[in-house]
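S.K.: What follows is the residue order along each chain.
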Amino acid sequence: MYSFSGKLKITAIVLMVIGILGVGWGFLNTPSTVEEAKEIVAHNSANDSHGAAASHGDSHADTHHDASHDEHVFHQLQNRPWSAIYVAIFFFMMLSLGVLAFYAIQHVAQAGWSIVLFRVMEAITAYLPVGAVILFVFLVLSSMHMNHVFAWMNPELLDPSSDSFDQLLYDKKGYLNVPFFLARALIYIVGWILYRRYARKQTLALDNAVEGNLTHYKKLMGASAAFLVFFLISESMMSWDWLMSIDHHWFSTLYGWYVFAGMFVSGITTIALVTIYLKSKGYLEIVNDSHLHDLAKFMFGFSIFWTYLWFSQFMLIWYANIPEEVTYYVQRFEEIRLPFFAMVVMNFVFPILLLMNSDYKRLPWFIVIAGIVVLVGHYIDVYVLITPGSVGDQWKFISPEVIGSALFFLGLFILVVFNALTKAPLNIKGNPFLKESEHFHY
Amino acid sequence: MSSKVIQAMYNDDDILMSAVKETRAAHHHIEEVYTPFPVHGLDKAMGLAPTRIAITAFMYGLTGLAVSIWMMNYIMIEDWPQNIGGKPSFSYIENMPAFVPIMFEMTVFFAAHLMVITFYMRSKLWPFKKAENPDPRTTDDMFVMEVALEGDEKELTSFLEKTGAVEIKITEKH
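These protein sequence lines are chains A and B, in that order.
Position in the first sequence counted from 1, then plus 13, gives you this note's numbering.
Numbering follows this note's numbering, in which position 89 of the second sequence is assigned residue number 76; successive positions increment by one, without gaps.
Calculated from the structure, these hints are not laboratory results.
Keep in mind that a hint or two might mislead.
If the Cβ cut is set under 10 angstroms, some of the chain A residues that face chain B in the computed set are [unchecked claim]: (1) F324; (2) M328; (3) N370.
Take a look, some chain A residues computed to stay more than 10 angstroms from chain B by CB distance [to be verified]: (4) V27; (5) M29; (6) K185; (7) L227; (8) S412.
Everything numeric in this text was worked out from a predicted model, so none of it was measured.
Every residue gets a Cβ at the ideal spot worked out from N, C-alpha and C, and that includes glycine.
Start from the sequences and build out the full structure, keeping to the hints where you can.
M.R.: Okay, here's the thing in structure tokens:
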């Protein structure tokens, strides 16, 4: 049995406290009137020593911008802390969801090698109910107009008599309306949580089952297969609902896969990092370097898969050059260029160079370095998916609210995951392929 | 030095593996092992040096990448620039996204083909080469371990029999 060390618990709580302070700072520094927003923007451009930004500031002084623009910037600034929290909520929920999908695949494929890691995966997916419920609360708050992260929720856009009437959005309102949106979210979340509870119950029952009793094992496999069908549909729709709808005029048919690839690689990286941490504390003695090698291979492979999808989506839109599609990338190239390209380097160049060599995939410290870069890279990826649509050019990555919300949810994630690890023996029993996993060597 | 070898035949890869380990532990020199299919972990059990084919693959891949960059620049920019889909090809960097699939394919093409050629050269295989395996059954269901014959012939024969060999032959080394 694993016991949650006090040191780690305190670290997690400290992270959460720092996180709350950062997010609180973010909310306190949000303008409450349009005048305050104008002041902040003027202040920011005056402080900037950059030539281009300075000239940008001059145009503000010329009262070049009209009132509607000021109002727009005001809303963007108000969105900033909300958007930062949403990135963190989604990212950590995505880690456990990716692990849940990976876990289900292991059961369906009757994989032999990964059995000794099941308890680690189950612990990581224990965050899913927490994270998904927080995410649902956020969506409810958004639909109550506490924030404008989802601009399409504004009823004015659907009012034909309004100045800001949006015909394109009006055409989509059969799908993109608040009640249906929340109902869908509820269905996905309930479906995922039900599978996760059921699977956990079955592996615990398998631990205590008499030898040779395979009923729990078979039930687990059937449930996992059904879950994967549900997951692939719900994950794709979830990505349209929770991420793509932020840029509600834009669409990409590849989007669900793209989000999935990021989710999967970050989830596997999390498994590797938690496993290495537990091993360094003397637990999981049957996990050998071949298991780590396999996890690192998955990290390497899915990093490249993610890049493939990232590039495929970009290249088709770039080549076709259709205005309604290309605006998405124009905005990212012009307004958020540095994080946009930095995350491609972190998610592609780093893993491909660090993890290409077979021997390096067996070195724990090497996996840790590559894993941290990959996780931060995918955090920035989620940030780049959400922020341009909700905050526009008012984004600020190195700010207390962005780092604070990341730290808060990291702390919460650690608390929930390591608490779940203490709930059951780390070494699984009763699986018919357990011997294969224990003697796994490459 | 003796030029005689003992050929011990096995009919199972697991038995062969343990025989190889025992023979090496008893300090007999294994000249070669012939198998009908690749046996996982045999190279380690025989104590062969790790393969360096991965390093060559990486270098071949880089070569392919470089060739594709040069090739696309020559074809699409220098030699015959065309206006494709409203994207005039006068600048390599502005048209680079269109060349990425070609870069990828050429990297894989070079790495794969040159790796196979390297493998053939290192294992001294070429078309019309005469087979080297001592017994035609090694291409079907038998495994042969060739051990250098040094010292007592009878002792080695009985040792190999104990490791599970189903047939033992003593021949001149070819």
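S.K.: Hint compliance check: list the failing hint numbers for this structure, sorted ascending.
M.R.: No numbers; nothing is violated.
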